[in-house]
Structure formats: structure tokens, C-alpha cells
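Q: The lines below spell out each chain.
There are 2 protein chains.
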Amino acid sequence: MQPPPKIAIIGPIMSKPTTVGVVTPQTARFESPLTLKSGATLPSYELVYETYGTLNADKSNAVLICHALSGNHHVAGYHSEHEKRPGWWDNMIGPGKPIDTERFFVIGLNNLGGCHGSTGPSSINPHTGKPFGASFPVVSVEDWVETQARLADRLGIHQFAAIVGGSLGGMQVLQWSVNHPDRLRHALVIAAAPKLTAQNIAFNDVARQAILTDPDFHGGDYYAHGVVPRRGLRIARMLGHITYLSDDAMGEKFGRMLRSGAYNFGYEVEFEIESYLRYQGDKFADSFDANTYLLMTKALDYFDPSHHHGHSTLSETMRAARARFLVISFSTDWRFSPARSREIVKSLLDNNLDVSYAEITAAHGHDAFLMEDPHYHNLVRAYMERITGEKAA
Amino acid sequence: MQPPPKIAIIGPIMSKPTTVGVVTPQTARFESPLTLKSGATLPSYELVYETYGTLNADKSNAVLICHALSGNHHVAGYHSEHEKRPGWWDNMIGPGKPIDTERFFVIGLNNLGGCHGSTGPSSINPHTGKPFGASFPVVSVEDWVETQARLADRLGIHQFAAIVGGSLGGMQVLQWSVNHPDRLRHALVIAAAPKLTAQNIAFNDVARQAILTDPDFHGGDYYAHGVVPRRGLRIARMLGHITYLSDDAMGEKFGRMLRSGAYNFGYEVEFEIESYLRYQGDKFADSFDANTYLLMTKALDYFDPSHHHGHSTLSETMRAARARFLVISFSTDWRFSPARSREIVKSLLDNNLDVSYAEITAAHGHDAFLMEDPHYHNLVRAYMERITGEKAA
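Taken in sequence, the protein lines are chains X and E. Going left to right, the first sequence walks through residues 418 to 810 as our numbering numbers them. Going left to right, the second sequence walks through residues 418 to 810 as our numbering numbers them.
Check the hints yourself; a few may be wrong.
Copies of the same chain look alike in the list, so a pair counts if it fits in one copy or across any two.
What the hints assert, rightly or not - With a straight-line Cα cutoff of 27 Å, these simulated DSS-like cross-link-like pairs (lysine-lysine) come out: (1) K763 x K670; (2) K670 x K808; (3) K670 x K612; (4) K476 x K700; (5) K501 x K808.
What the hints contain is simulated information worked out from the structure, not anything from laboratory work.
Please work from the sequences and hints to get the whole structure.
A: Written out as C-alpha cells, the structure is:
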């Protein structure tokens, strides 16, 4: 009888990327008052967050994920074995994934003002025992960066290996690099812009007006009336979706397809694109808080690091930054087009900063930053592999 | 004493372009039933129209103007000496203007379903004594062409020298060229598309949903409730305006300018672009009928001459056309981009039709078709001068 053949292991076995599994959100409570850019002060607040992977001994492998308009702390994994869909960036973050939780300690949080557990307009105001509603202050990207820095302090992290974000998340990364240049070694700014254009603001204002003029809005205090401004939030989300997708991708997926194959000559759902948008609008209106939506769009509109710093140009503002940058844009993104990312890149190069830039050819418009694309993911993977094991500066 | 010098007149004196002056709308009543594409029948209806210039003896100099989404019969001139703004295309039509009313007999009408005098949802249904409201049938571009043809019959015009329209108006011109090839010698199709894309339909559906879900809509019968779905119509118009303007033009005109120079950290009007859009929305909501808006956007969505004719390609559909074409697009129009006009041009060339095509470099996006641009206006002027005096075929 032959002995079983010996197996020589030549190199590391690459396991298939998998999930971080079941994760449990945690809550950090902050009792020291926070004065916001608006001048308003929050005496205390909570931030809900999740972590994946293990913080190493010298605390040099932490990665912060900043979320976009409708995102939250549930970035990867599942809240239970029965949850059908994983966190919103599960394709990017996990064991063996581009942001590899076997190398990095990854933190996702729900931003202040959110509606998924962090203190926001729908939270109970301890002074009144009622939801904050309209009394919750407008927060800015700078305020978020400050609260994220406090959370890092709480977790004992002085310097992040990287801070990563797409869209509004990318704006937070930019703001971090200016406000706390020594607290991040790498900045991954994806599908972002250095500030909104008039057209961007216009779309946001239409969305806000739909919510603000919904009779169920009640000046922001709809909680007390047992209603939500569902119609307005639905319109806002439908409109948002149009700007997240490219014209071509929408054409390819839906074209002029009719649900019943013929014109109905009425106002019921008829084209497939209508069905898709209304479904997205309905789903969102059932799960998201309208006041948070207002607040997030306002943070987007206000974001302009040059404005806040009293500088005249983005290049002058970025003079403060010390991080190395990976900037990524997507060819069919018309919300924050590649030209907007190139503005960021130029401002970094003007300051002799270390910057890699890639414009990914992708069909799906702004939403491409959330999708699994080999070119895009391999790029992030290669970048993150290269910075693995770096020590704190 | 010297005699006054003699003045030799070398050529015709070109008078400065001027206005057609005060015009009075007329109404044509049609008592023969009209069966619409939807299958619904209108037993009778009225069309309001204006004419400028003089119909010549052989009735060969008539030009029909087809209006777009929010247009009407008041194309040129003033309704009284006190009216501040002239008709919507006064810069194009009048004595000495590109469509010269000293050469042509120009007709503008309010389309069936409109809200400016032609029979539409806000008209009184003679059978009930109440406004049609939700019972007014959805009309299509083909239906409009039929009613326009009946108006031409009434005026004794068998063949138009030209039919001219921008945007949805251009779609009516295309439909005319297919449905009544012998009734127009020239087709001027400006800033149009052969059919809407999924993105175009998506924007229309968001606008419609804003109106349909406004609590004041009352299923379309808001007239009886003494209200109008003002909020919804306002949102629809604000959104529309974003798609009419180019990103660049909006940026140049409004940029990130703030009304008060500083952030307010609230939801009152703040950026200049917000002020502009809300003003446009308010003005429109005060003057336009929501049911007509719904109906016009549906006509846009349905427009697809190939679909209606059971043909598989636009080229096959345009085989029926006999007119000569001038097709014009504008470089920054992202609602109906130059690529959409080139689709039209290709289908005409595939049929060996006579077609001139110009892509005008213009900053103002889709709205450019309504603006006074020397290159654009000189092109239309030259085309119209060339066809002056042609006899009916």
C-alpha cells in the first residue's frame, strides 16, 4: 500500500474572498459638548459603529470608511444569519477582499445626524423626551470629521493607515487630510468632487423642496404627528437615482421597455424605468428619515474646503495635507465626473503630494463606486497591499 | 443755395426687425368627432390659434409653428399694448426676423389638451358642465398632428411651406413629415430627438409622480375642490429647468453664489440657483394646469414614430417622408443631445432625403433653441429666405 502523496506548499494558499460574517454594531457615547460649524452645540451624542478585523499592537492598521448620502455604519457582513443583504460595501471589505480585514482593522460608523443609530433628528432629545426633529442642527462635513476623530481617540487610534470614502464619503476623506494631516497616512477619494456645482445643488434643492413642501413634513416635527413625509422623500430618492446612473446604463437596462408591451394611455406604471424608480423611491421612503436626508444634502451643498478655510483656491487649501492619495473616478459618472476628480488631483500635484489617479471605464455612472468591477477592485487591492504593514509616521 | 443731395437707393432698404405688434387669438371649433390614438373619442373640441403675416393668393406661404411642453399659441407679438413680454418665440418670428412675417403667413396654435384656450383637462365638458379633469383623454403627438391638419383644412391650407418646432415641437414636425408627407415642403426639426431615452422618461416620471401624489391633485379632479396641486407642479417645473440648462451655463450664471454671502445652516433659500429655481417653479405653478403638464409629458414619452407605425427602425419609418429637412442641435443640450439629432439625420439620409444639419455651439443647453443666437438665427433666416416664393408641389 502506497503512502499518501506529500503535498508541497510552495506559497501562501490564497483563500477565496469571503465575508466578515455576523457583526454586532457598537455604540460610543460622547458626553463632552460638541460645537458645530453652524454655531449650535450638542451637549452629548452617540455614534454607532462596526469594526472588522483586528487592531494590531501598534494600532497602525486602522482604516476608516466614510459613508455617502444614504449609507451607514453597516459596511460589511451581516447583522444576523438571516439577513439577506450584507453591508453596503461588502464587496470591497472582508477577508481576502480589496480592503482585507485579515490585514486591516476597518471601522464603519453612522455619521452624526444619521438615522441608523447615531444621534440625529429622529433621536430622542434628552432635554425634552421627544425627537429632536426640526431642532436638530444642520451638520457639515467638518463636523463629521471632528466626531470621527473623537471616535478614533476613543478607540486609541491616533493615525489611520487609510481613510476611504466614495461620493460624499470621499469629501470627508479630503476634509480629514486638511483638518488632521497627521492622522491619516493614505487618503482614498473615490467618485468625489472638491465642491458641488450649481447643477448638483439644484438637484439637491429640488429633492429638499419635495420633502419640505410635503404636508406631512410638519416643519420637521412629523414624528409627533405619527406620519412621515413619505411622498417628498420618495420623489427625492427617485430623482437621486437618476443622477446615480448613467444615461447609457439606464438605456441598456431599461430602454423603452413597457411592462405590458403596449401603451396604457394613463398614469399607472408603464415603462420599466418607471417601475424601477418608483420601487426604489418606495423602499427608501419606508426606511430612511426625511430630516436626515435634508441634513445630508445640505452637508453636500456646503462642502467646500476652500470656503471653510478662507482660502481662495483648492491648491492653497490642500497645502495643509500630508497624506498620500489614491483618487478614483468613473468614466460615465455625470454627478461627479472625472473632471471633478482631476481638479482634486491637480490641487494635490500643485503641492507636490504623492497622488495616484485612475479613471475607471465603467458603465454604471456614479453608482459604479459601489459595484464590483475587476479593474476598480484590483486597483484598490493593489494599493492596500502596498501599504500593508506600514508603521505609523 | 444748393439743392439737397440726391440719395441713390442701390438695393432694398433692410428695415430693422420689429414685432408683429398686437395680435388677437382666434378660436376654431371642430364639431366632427376625433378618435384619438388611445381609442378615446372627443365629440367636439376647440383650438385657439394666432396668425401673423398674410396668406398669399395660392396659399403657398403658410408656416406652422409647433410648440413644446409648456408653450402655446402666443408665439409672437403682444396681446395688448400693455403686455410686458411678447410671445414665446418673438425673437424668431416677425417682420424682418428669421421667419419673416413679411414673406410668410405664420400660424401658432395651442395643442389639444393644453391650458391656454384649446380644449383640455381644465375646459368645461359640455356633457357635464364641469371641467374634464381626469376624464380628459391622454393625447399623443399623432393626435396633435391630426388636429393641426384639421385646422389647416379650415384655413384652406393644403400644403405648408414649412412646419417648424423645437423640442417636443420638433417631434410634431417629424410626425407630420411621416403622416402627411405631401402637406409640408420643409421640416425644421430643432433640438429634438426621435424618441425619449430611459433617462428622459425617468425625469418625466419623477415630475409626474410629484403631481400625482400631491394631496391637492384629487385624482385629477382638483378643480371641483377649489385647489391646484401646486406643490407637485412646482417640483416638476424646478426639475424640468435643470434639464433645460447646461451644467456649464448654470455654473457661469449662478455658480455657488450665496444670497446673503454666508451659510445659513437652515433650509430657507440660500444659494442663488435655489432662488432661481424656486422662482421659476412658483411662477409656473401659478399659471399652468397640472393635468396638461401630465398629458404633455406623456405625449413626450410615447413619441416614437417607429413604434406607432409598427416599423422596426427609424430609417424605415422615415421612408414615407417627402419634405426637405433642416435639423438643428445645440452643443450643450444634454436633454436632447446632438447625437439624438444625428439619429434623425441618419434616418433621412438613409432615404436619400434632402437634409441640412447644423450643430450650433451654444452655452445654454436645451433652452438654446428659444434664445437669440446670431449663428442659429442666421441659419434659420438663410434657410427661410431660400425657400421664399416656392410654389406648392
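Q: It remains to establish, for every hint, whether it holds in the given structure.
A: Okay, the hints, checked on the actual structure:
For the identical chains of this complex, K763 and K670 are inter-copy neighbours only, at 25 Å across copies versus 35 Å inside a copy, given an alpha-carbon limit of 27 Å. For the identical chains of this complex, K670 and K808 are neighbours neither inside a copy (46 Å) nor across copies (49 Å), given an alpha-carbon limit of 27 Å. With identical chains, the CA atoms of K670 and K612 are at most 27 Å apart between copies only, with a shortest distance of 17 Å across copies and 30 Å within one. For a Cα distance limit of 27 Å, the shortest separation of K476 from K700 qualifies neither inside one copy, at 39 Å, nor across copies, at 59 Å.
Within a single copy, K501 and K808 get their C-alpha atoms no closer than 38 Å, and across copies no closer than 72 Å, so neither meets the 27 Å cut-off.
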